[in-house]
Amino acid sequence: GAVVSQHPSWVICKSGTSVKIECRSLDFQATTMFWYRQFPKQSLMLMATSNEGSKATYEQGVEKDKFLINHASLTLSTLTVTSAHPEDSSFYICSARDKGLEPQHFGDGTRLSIL
Amino acid sequence: AQSVTQLDSHVSVSEGTPVLLRCNYSSSYSPSLFWYVQHPNKGLQLLLKYTSAATLVKGINGFEAEFKKSETSFHLTKPSAHMSDAAEYFCVVSDLNNAGNMLTFGGGTRLMVKP
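These protein sequences, in sequence, are chains A and B.
Sequential numbering from 24 applies to the first sequence in the numbering used here.
Sequential numbering from 489 applies to the second sequence in the numbering used here.
Where hints are given, some of them may not hold.
[What the hints assert, rightly or not] Pair by pair, the computed Cβ-Cβ distance ranges are:
#: 1; chain 1: A; residue 1: 95; chain 2: B; residue 2: 598; range: 35 to 43 Å
#: 2; chain 1: B; residue 1: 590; chain 2: A; residue 2: 33; range: 22 to 30 Å
#: 3; chain 1: A; residue 1: 35; chain 2: B; residue 2: 527; range: 20 to 28 Å
#: 4; chain 1: B; residue 1: 540; chain 2: A; residue 2: 112; range: 37 to 45 Å
#: 5; chain 1: A; residue 1: 83; chain 2: B; residue 2: 505; range: 39 to 47 Å
#: 6; chain 1: B; residue 1: 565; chain 2: A; residue 2: 109; range: 24 to 32 Å
#: 7; chain 1: B; residue 1: 542; chain 2: A; residue 2: 75; range: 43 to 51 Å
#: 8; chain 1: B; residue 1: 598; chain 2: A; residue 2: 136; range: 31 to 39 Å
#: 9; chain 1: A; residue 1: 40; chain 2: B; residue 2: 542; range: 49 to 57 Å
#: 10; chain 1: B; residue 1: 493; chain 2: A; residue 2: 136; range: 39 to 47 Å
Note that these hints are calculated values from the structure, not bench results.
The structure presented is a predicted model; accordingly, all values stated were derived computationally and were not measured.
Glycine included, every Cβ here is placed at the ideal spot set by N, Cα and C.
Pulled out of the complex, with its shape left as it was, chain B reads as follows:
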């Protein structure tokens, strides 16, 4: 069984300051991990993915995440927040060895960016 825990339901930062969204996972196999962003009344847009290659993954819009197996973490970071980054962020795990190939979603983190 796999699970994802996003440690903060809400994160508030000031524009221009760093962003850290925390994610811990558990998986019986070698997982693939993803971060998606959702703006209001929209679907999910892929920010980045980890699929057992480089542990530091760079995504779109300046976001990156580091896979740390020893800590079972996949935290999302960005050096400098923009107002347009305000949205809901989901950490997602996929168990590639599971024939069902299902996604397991974290509870989401709402990022608020103050001017």
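If we strip away everything but chain A, and leave its shape as in the complex, we get:
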């Protein structure tokens, strides 16, 4: 149980393109999901907390207009990287808690490469 699916797993696109990443909780409802960014050989950095039915809470230094988060249902949160540039290339990982309880369950991540 407690499976989180993330799609796509890898995306390569041109600079200026907007890219949408989906995060789904497959067998539980998640009122809160989290989006992380991971640079090579580094730990995870929390970008934002996605709240179902309300606005996301962004961490300091994360551009809200660059990284759009939508959490329209209890099983789906999306992260859209708008007008992506090479510096946005990274590994993005989502997570969710079942019934708001620890631990967080992580998706397999999305590797974003902007040319």
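Fit chain B to the given chain A structure using the hints.
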């Protein structure tokens, strides 16, 4: 405020020998502690968690960790390393008394297993 320090960025062991990955934490409240493993280009998989029950926690794949409050440590051990254990390991703390319930990640330890 909470923080996590993984004392070794890299650990190398021979197959069949014991594994010790060190983690120290600081937290203002009674923390929950977790160990996650990340294989290349994958998300994080939960190995084990401590949530104020037994101080010796057994996880998957033969891993275990001991919560020592006096030493503020939560070291991960395994009696005998397998080649498949080679991965990145993250020690994580969650402050359950913090309304934000955020996770704080250690910097990660890369475990290498030699044949």
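Next on the checklist: Name the hints, by number, that the structure is in violation of.
Outcome noted: The structure conflicts with hints 6, 7, 8 and 10, although it agrees with all the remaining ones.
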